Structures are given as structure tokens and as C-alpha cells.
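Produce the entire structure from the sequences given, and follow the hints as far as they go.
Residue numbers (the UniProt record's numbering), protein chains in the order written: chain A, 1 to 287; chain B, 1 to 287.
None of these hints come from the bench; they were simulated from the model.
Note that the structure is predicted; figures quoted are calculated from it, not measured.
There's no promise every hint is true.
Claimed, not checked - Rough simulated footprint, nothing fancy, chain A against chain B, three-plus residues with beta-carbon under 8 angstroms:
| no. | segment |
| --- | --- |
| 1 | 24–33 |
| 2 | 95–104 |
| 3 | 238–250 |
By construction, the Cβ of each residue, glycine as well, lies at the ideal position given by its N, Cα and C atoms.
There are 2 protein chains.
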Amino acid sequence: MQDRLQAVKAQVQAALDRAIAALPPGELRDAMAYACTGGKRVRAFLVMESARLHGVADDAALPVAAAVEALHAYSLVHDDLPAMDDDDLRRGLPTVHVKWSEATAILAGDALQTLAFGLLADPAVGDPAARVRLVAAFAQAVGGAGMVWGQALDIAAETAAAPLTLDQITQLQGGKTGALIRFAALAGPLIADADPAPLAAYADAVGLAFQIADDILDVTGNEDVTGKRVGKDVAAGKATFVSLLGLDGARAEAARLIAAADAALVPYGPRAGNLRHLARFVIERDT
Amino acid sequence: MQDRLQAVKAQVQAALDRAIAALPPGELRDAMAYACTGGKRVRAFLVMESARLHGVADDAALPVAAAVEALHAYSLVHDDLPAMDDDDLRRGLPTVHVKWSEATAILAGDALQTLAFGLLADPAVGDPAARVRLVAAFAQAVGGAGMVWGQALDIAAETAAAPLTLDQITQLQGGKTGALIRFAALAGPLIADADPAPLAAYADAVGLAFQIADDILDVTGNEDVTGKRVGKDVAAGKATFVSLLGLDGARAEAARLIAAADAALVPYGPRAGNLRHLARFVIERDT
Numbered sequence: 001m002q003d004r005l006q007a008v009k010a011q012v013q014a015a016l017d018r019a020i021a022a023l024p025p026g027e028l029r030d031a032m033a034y035a036c037t038g039g040k041r042v043r044a045f046l047v048m049e050s051a052r053l054h055g056v057a058d059d060a061a062l063p064v065a066a067a068v069e070a071l072h073a074y075s076l077v078h079d080d081l082p083a084m085d086d087d088d089l090r091r092g093l094p095t096v097h098v099k100w101s102e103a104t105a106i107l108a109g110d111a112l113q114t115l116a117f118g119l120l121a122d123p124a125v126g127d128p129a130a131r132v133r134l135v136a137a138f139a140q141a142v143g144g145a146g147m148v149w150g151q152a153l154d155i156a157a158e159t160a161a162a163p164l165t166l167d168q169i170t171q172l173q174g175g176k177t178g179a180l181i182r183f184a185a186l187a188g189p190l191i192a193d194a195d196p197a198p199l200a201a202y203a204d205a206v207g208l209a210f211q212i213a214d215d216i217l218d219v220t221g222n223e224d225v226t227g228k229r230v231g232k233d234v235a236a237g238k239a240t241f242v243s244l245l246g247l248d249g250a251r252a253e254a255a256r257l258i259a260a261a262d263a264a265l266v267p268y269g270p271r272a273g274n275l276r277h278l279a280r281f282v283i284e285r286d287t
Numbered sequence: 001m002q003d004r005l006q007a008v009k010a011q012v013q014a015a016l017d018r019a020i021a022a023l024p025p026g027e028l029r030d031a032m033a034y035a036c037t038g039g040k041r042v043r044a045f046l047v048m049e050s051a052r053l054h055g056v057a058d059d060a061a062l063p064v065a066a067a068v069e070a071l072h073a074y075s076l077v078h079d080d081l082p083a084m085d086d087d088d089l090r091r092g093l094p095t096v097h098v099k100w101s102e103a104t105a106i107l108a109g110d111a112l113q114t115l116a117f118g119l120l121a122d123p124a125v126g127d128p129a130a131r132v133r134l135v136a137a138f139a140q141a142v143g144g145a146g147m148v149w150g151q152a153l154d155i156a157a158e159t160a161a162a163p164l165t166l167d168q169i170t171q172l173q174g175g176k177t178g179a180l181i182r183f184a185a186l187a188g189p190l191i192a193d194a195d196p197a198p199l200a201a202y203a204d205a206v207g208l209a210f211q212i213a214d215d216i217l218d219v220t221g222n223e224d225v226t227g228k229r230v231g232k233d234v235a236a237g238k239a240t241f242v243s244l245l246g247l248d249g250a251r252a253e254a255a256r257l258i259a260a261a262d263a264a265l266v267p268y269g270p271r272a273g274n275l276r277h278l279a280r281f282v283i284e285r286d287t
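Right under this line is the structure:
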């Protein structure tokens, strides 16, 4: 899997660089390029593997992978703003509003969301019907009931009287991080107009495991390795999977989810080996 | 024209209300609905008339009109933020970040952009090819080289050593307000896959006249009537069409542009009467 992940990283970075280089030069473009540099590219990898499993060529899937990463980058830039999570460090570097300004961070995030939708409309992806299916599903994954909604719940939870319950956190994360991971995993079925059920089940398990692993890293992680601030949730008295389940309980739940993700991949047989490895990588990473 | 404008206002408001009502309840949804209430709906009207001229039914054009107004609403919510233009009044009411919070304003703007792209993918609009043409053109109108880019130039101009020249302001406004007006005017040709040239020329003239009228209103307007702060540009020492051309010069330029808009509509004959009236309305309005 690591070879394929490295190849996808290079491909998607090149695709993002090309798309951003086509924009007018200036601070806004610089900030967009900066926000799109680095990262694990787990979402791009999901797109590319989902596409491969459905007979979609890498060249067709690549704009979709780039769209998902551009969207993810926008969400990080806006989430890091002072009015939101107020983070000054991301991927080991100053966040966009620290390096430039809040105005530039707001505009760069806005333009990255736009760029993402534009990439989905790229003729290389497939026929118009395939592209419009992607646009509609993407709008669902991001919009009011998806990622943005999860982030709004997260912000609201900070001032709520009582810490969130396990059900509430699961629901919140299903929007905040789960919806985009699900979209990425469904890219293949969406382009090929195939049954999305197996990969939807896989994505829901992996997405939740991913968030549990993030909560574990916030407790056990090293800032020099993760490249972002750690210990923030504990300091803020925020309910997390670790605070609710304990460290061992959270690890056990993540392992159970990875087993569920494996089971969901059975219909694909050995061709889904990379996705099986990815599920493991998600909970074993240190960044 | 006024009857049709009132009808479009009611139709597009209903379409926006329906789309927003489908989202999960809460502060984010309330803020989105609030931001989408009121306004002149000039952009929606352009979409509906452009569609009618190309034989596109009102029901097909309506999601596109709603998309353009949702996008416009997002741009106002983000532009009003303290880090941007720092406005506390809009359409006679407190701006979203004043009424709720900066975090809610950022998220509501983000979700309104997403909603706009989702509306363009509505099957009611037309076949997938038509919808994907709209998505691609919309991404161009909003993205790095369109509206967001114009806003970035506007923010940069505030701290620039010298005031902008007439050419620079024309270019800036061509992005900031012109690109979305152009998209709206091209909705008909985009859906029907027809020649966009006449309406593109019309939109470029009307878009610039619209901005000149805004600059004139900032000098001559009444806050109680416009529903937004006036005199801000003069107070900030900002270069505007009025500061560069004088009040009479700006009025003459707006009139010249309206004549150019009229000329561009010749190929459509008398059927373009509403668009001719709209061009006049744009420079004669007091709000």
C-alpha cells in the first residue's frame, strides 16, 4: 500500500498545483497553494482505490481526488481561524491566517471550496451524468447536513452546558470528518454508477475509526510528529472518544471498527487489499 | 418589468426557503435562511429572463436563480465579517456575525456556497450536460479568477500605497460583482447550449453600471432607504468610480454603459424588453 500511497500523493499534489497555477498570481493564490501542500492524502487515496475497484482509470479519478483534498484543505483553513478552533499550527507550519491574515484565510478557504467543485466538472472525469452525480453527492457531503453541519455542532458543543454523549459525538463526527471520507470512498461507484453499499459501510467504519485515532493522538501524540497542537481537547475539557471510553476502550472500539471495515470489503475479494491496509494505517499512524 | 420582478422575487424566495428547510434545524440553518431573505434579486431576474429568451421553462431556471442568490448571500455574509469589510448592517438588519457570531457567519457562508452548487445539480434544471456546463461556469465565476479574486483585490487595495486607477477598479469590479452577474445573464445560453455572446456583452455593461450606481449611492444614498451603511468609501479614502470620475462623470459613464447594454440586446428584438428595463432600473434604483 505504501508505494501506491506515495504515488497518489505525488499525483494529487501535481493535480492541485496545476489547478492553482491556472489562477491569477497573488497572495490569495499563494495561500491556496500553501494550504494544499502536505498532508497524509488519505482521502485522495480512498478516491483512487475506490475508482480502481470500479474500473475507473487513474486519469479520470485524479481530478476527483484533487477536489476532495482541496475541499479538505478549505475546511482546515476555516476551522483554524480565531473565531473557530483558533489553531496556529498545521502540518508543522503556521496556519494560513497566522502567515497571511484572517481575510486571506477566509477568501482562500472560499476559493478552495469553489476549486473543488470546479474540479468535479473536469471532462477528464467522465460523461456529464457521472460528473453531475459527483457534484450532487459532494454538495450533500459538504453542505448543511454534512461536514459544515458537523463543524457547527462542534463549535456549539464548546459552549454547551453538558459535555456531549457518545451518540452525539458519533453523530457530530459522522458529519465533520465522516461525510467527506464517505464521499471519497464512493467516488468509484458514483463515476461508474455502481452499487455504493459495500464501500459506504467500509467508509463509515473507517471514518469513525479515523476520528477515534485522532482523539487518541491528541492524548498520546507528539507535537513534533503530528505537526499540530496536541492536548487541546483535554485542556478545553471537551468530550472525546477517549474521555468517554477511556484510552483502552477507544483503542478497542477502533479495532472493532477496522474489523467491520474489513468485513464490508468481502465482495471485492483480494483486489481490495490496499483499502484493507488503509484501514489499519488509519489507526496505527502517529500523525 | 416590475410585475415579473415581483413574481421572480417570490419564486426564488420560495425555492431558497425549500432548499434551506431540508437542512438539519439549528443556528446554522437559521443564519442561512436569514442571509437569504430580502434583496433586490437582480441576479435571479437575470437568470429567469436569460432562460426565457432561450426557451428554458421557469421551473428549470428556478434552481439556477436560487443558486445565484445563495452564492450572492454567501459573499455578502463573508464580506461583512470583521476581518473583511466589517459591516454591521445589511438590508436594514444586523449582519450575520453581529446577530449570531463570527463562527456562525463563516460556516453559514461556507454552507451557502455549497448549497448553490447543489442547486445547479438539480435534475429539474435539465440534462446532465446542461447542469455540468452550469457547474463549470459557476466555478469560474466564483473561483480564484472571479468573485473571490475581486474581493481579494479589494481588500488588498485598502492597504495599498496608492489609490487604484480607473483600469484597476474596472478590473476589480469585473471580478467582485461582474463575474456573478455575467454568469446569471448567461444561464439561458448555458442551459440551452446557445451562443452566449450577446448576453455576455449585455452583462458586462450592466455589471459595471451596477457598480458605478453603488458608488454613486454610497455618496448620495440614504441609509434608511439603502439598508446599509453609506459614506464608508469616502470615509476610508477609497478610490471609487465617483472619486475618479466625479459624480457627473460617473452618471454619464453609467448612462453610456446602459446604451451599450441596449445595443447588445438587438439580436433578441422586443422579447428582451425586461432586460432593457432592468438595465435602467440598475442605475435608477435608490437601494
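field: Claimed coverage, the segment 24–33 of chain B by chain A - three or more beta carbons nearer than 8 angstroms
entry: holds (count 6)
message: How does the segment 238–250 of chain B fare against chain A when you require at least three residues with a CB closer than 8 angstroms, holds or violated?
response: Violated: only 0 residues of the segment 238–250 of chain B have a Cβ under 8 angstroms from chain A.
Chain A covers the segment 95–104 of chain B, three or more CB atoms within 8 angstroms, holds or violated: holds (count 4)
Comparing the model with each numbered hint stated earlier shows that hint 3 is the single one that does not hold.
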